[in-house]
Amino acid sequence: MKRRQFFKTAGGAALLTGSGMSSLLMDLYAFSRQDNLSQVEARFYKKHPNREIECELCPRFCKLGDKERGYCGVRENIGGTYYTLVYGKACSANIDPIEKKPLFHYLPGSSALSIATAGCNVNCKFCQNWEISQVRPEQVTHYDFPPQAVVQSAQKNNCPVIAYTYTEPIIFYEYMYDTSREANKKGIHNAVITGGYINPEPLVELTKVVQAIKVDLKAFSQDFYTSYVRGKLEPILEAIKIISKSKVWMEIVYLVIPTLNDSAQEIRGVSQWLRKEVGPDVPLHFSRFHPMYLVKNLPSTPISTLERAYNIAKDEGLNYVYIGNVPGHRAESTYCPKCGKVVIDRKGYRIEKIELAENRCKNCNTLIPGIWS
Amino acid sequence: MASSQVVIVRGKGVLTQDGKVDQKKLLQMYSRGLQLIHDSPNPKESLRRLFKADDRVGIKINTIGGRKISTRPEASQSLANLLIEGGIPERGIIIWDRTNRELREAGYRLNMNRSTLKVLGTDTNGVDYNYDLVAHLNIGSRFSRIQTDTITASISLAILKDHGMAGITAGMKNYFGAIHNPNKYHDTNCDPYVAELFETSPIKEKHRLSILDCLVVQYNGGPAYHAHWAKKYEALVFSLDPVAADFTGWQIIERLRAQGGLPSLKEENREPKYLQTAVKMGLGKASAREIKIIEEEI
Chain R
1 MKRRQFFKTA GGAALLTGSG MSSLLMDLYA FSRQDNLSQV EARFYKKHPN
51 REIECELCPR FCKLGDKERG YCGVRENIGG TYYTLVYGKA CSANIDPIEK
101 KPLFHYLPGS SALSIATAGC NVNCKFCQNW EISQVRPEQV THYDFPPQAV
151 VQSAQKNNCP VIAYTYTEPI IFYEYMYDTS REANKKGIHN AVITGGYINP
201 EPLVELTKVV QAIKVDLKAF SQDFYTSYVR GKLEPILEAI KIISKSKVWM
251 EIVYLVIPTL NDSAQEIRGV SQWLRKEVGP DVPLHFSRFH PMYLVKNLPS
301 TPISTLERAY NIAKDEGLNY VYIGNVPGHR AESTYCPKCG KVVIDRKGYR
351 IEKIELAENR CKNCNTLIPG IWS
Chain P
1001 MASSQVVIVR GKGVLTQDGK VDQKKLLQMY SRGLQLIHDS PNPKESLRRL
1051 FKADDRVGIK INTIGGRKIS TRPEASQSLA NLLIEGGIPE RGIIIWDRTN
1101 RELREAGYRL NMNRSTLKVL GTDTNGVDYN YDLVAHLNIG SRFSRIQTDT
1151 ITASISLAIL KDHGMAGITA GMKNYFGAIH NPNKYHDTNC DPYVAELFET
1201 SPIKEKHRLS ILDCLVVQYN GGPAYHAHWA KKYEALVFSL DPVAADFTGW
1251 QIIERLRAQG GLPSLKEENR EPKYLQTAVK MGLGKASARE IKIIEEEI
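Protein chains in written order, with the numbering used here: chain R, 1 to 373; chain P, 1001 to 1298.
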C-alpha cells in the first residue's frame, strides 16, 4: 500500500498511535501496513533431527518442533529451520530524548530514534508495554521499516542515536544487529534497552556493534524472577559482567516495586554486587513503579522508598545513583562525586545545564565517566 | 469417589485406503459416542442434556498441524450436523480456531455468513481478541472474542497428538488456541498452565464436552506431522470430564509408543504433568481406577 493510499484508508496520522506508533512513521520513505511477517533465518540456534531446533539466543534454550514458536512469540521453526518473523517489522517508532531510556551519562540532550517489534522473552507481570511486548507480531499493526530505512530516518530527523527499546530487543536480534551495522557506517550510535536475558555468545557479538546498553535489573532475587519475570537472575548478572568488560557504555535501572523487591537488604545486595563486579561508576537508576498489567494491587512506589534505596546505594559506594519516574526530584541530576556540585542539571527529560568541561567537572576537574559527545 | 466416564468408539474402515473418511461411518461413531456419554436412547437426547436450543455452540478445533494432523474437517462437519439435528440452529454453531490461514491449510473452507454454520479464525476482521486481560493464577491473557462474547457453550474437538513440551496435546491444551499468548505457557511441560487456563471463567463456564479426534494419532515427534510416527487409529474419544478425556488420550499415546518401540513419555520426562495439577484443582479425574471406560467398535 502506498503512503497516500494509507492515509486515505486509515484516516491519517492519528490512527498511527494505536499500537505505540508515533507520527514519525509518516516520514518513512515507504511504509505499508503488513499483514505478512518476515521469514529471515534466525541466528544462534541448533538443528536437531526430526525438524526440531534449539534456540541459543537466550537462556530459555527453547526446544521446538516444526511449526512451533519460541517463548518470545516472534521466532518460529518452519520445517526445521528457525526464522525471525519480525525482521524489519517495527510496531513502534518514536523520537525520544535519550534521558527517557534512561541513559544519563550518554550523549545528554540528544534524540534517539526508538524502535521496537512485538514480542519479549520474559513475561514481567508489571510490564508497562505489554500491549506490544506480550503479543505475537500478527496481533499488532506493524510496518516495513528495514535497517536502511531506520538509519535514513535517524539521519533525516537529526537523531545521533538509534535506540532498540520498548519491548525486548534481544528477540529482534537480527534486525537490531543489522540496523546497528548500517548505523555505524553513517556515524550513528546504537543504544540497547534490555532486560539482559541473553546468552554470552550473541551478547559479545552485539557489544561489537552497539555503543550503549541499559539493563533493567528487575530485582536481586531468584524468587522474584521466578514469580514476576518468568526468567532466571543469574544469566542477567552474567550479562552485566560481560557488558562491563566490553567497550560499551552501560547503565542499570532497578524498578522498585513496593513489598516485592524494595527491602533494604535486597537494595544493599544489588548495590554491593554492582560495586564489586562492575565498579562504583556504573549509573544506577531507581525507578518508580506504577500499577500496570498484572500487578494492579500495589500502590505506586512511595518517594521515601526510592530515597531510602538511593541512600543505601550511595552508602555502598556507588557514585552515580538516580531516582527515576519522579519528575523534578533532585536525584534526577548528576553530581560530582568529589565536590558535590551539579554537573548535569535535569528536570524530567530536559537538560537545564551541563557543567562539564569535556568529560570533567568544571568545578574540581574530576573525571565524570560516560560518553559525552 | 464417583468415577468419570470416557467413551471410545472405534470405527474400523472409517479411513479408506486412499486416506479419505467414510462419512457415514464417522457419523455413526459420533452418534454412538454421544449416545453413550449419557447412556441416552439416542444422541439427540444427549445433546439436549448438554445444550439449550438457544445456545451458541463453539466447536474449538486444532489446526496448527496442517492438513495431515489437524482436527479433520469431516470430523467437525459431522459433529455440527449432529448438533443441528439435535436442535441447535445452524446459525448458532461456530467451528473455529485461532487463524484463518491455519484453518485453510488444514482443509477448511471459511464461512463467515452469519445466518449459517460459521467456520472462522480469531483473526477474522471484526473478531479479534478481547481487549480485557483475564488474570487467573499464572494466566494473564486476552481471549478470543469467539470464546468470550460469541458462544455460550463449547466443545473441544481436538486432534490427539504427542507434544514435545506438554507430553500430549488433547482437549484441554486445545484451548491454548483461544488466547493471544500461548507461547508464554509452554515452560515446565506446560504445567500448571494447561490446567489453569482451563479453570479461567471463559473456558470452564462454557466447556461442555471433550471429543478427541483419534482417527490418526501422532504418537511421537508432535505437534508437527511425522508420517512414520502417525498411526491410523480410527477412534473418537468422548467425555464430559475434560481431564479424564486427556488422561485416556495419554494412555492411547503410551500404548502406541510402546508398540512402536519408543520410551514412554515419563521416561522422556515429559508425561503430561498438567493432568495431576488439573486433578488437584478439581477439574476431573486422571487415574485408571477412577475412570470408567466404555469402548465399542462399530
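Think of the hints as simulated: they come from the structure by calculation, not from any bench. The structure displayed is predicted, hence computed values, not measured ones. You may find that some hints are simply not true.
To be verified - Residues from chain R shown here face chain P by an in silico Cβ test under 10 Å; the list is partial: (1) Gly-65; (2) Glu-68; (3) Asn-123; (4) Gln-134; (5) Pro-200; (6) Glu-201.
For each residue, glycine too, the CB sits at the ideal point set by N, CA and C.
Each hint tested on the structure:
Because the beta carbon of R:Gly-65 sits about 5 Å from the nearest beta carbon in chain P, less than 10 Å, this interface hint is met. A distance limit of 10 Å between C-beta atoms decides the matter here; for R:Glu-68 the minimum to chain P is near 7 Å, and the interface restraint holds. With a least beta-carbon distance of about 5 Å to chain P, the hint placing R:Asn-123 at the interface is held under the 10 Å criterion. Restraint check, R:Gln-134 versus chain P: the minimum CB separation of about 6 Å is within 10 Å; hint holds.
Below 10 Å, beta-carbon pairs count as interface contacts, and R:Pro-200 has none with chain P, the closest being about 22 Å; its hint is therefore violated. Interface restraint check: R:Glu-201 against chain P, minimum CB-CB distance 23 Å, threshold 10 Å, status violated.
Violated hints for the displayed structure, listed by number in ascending order: 5 and 6.
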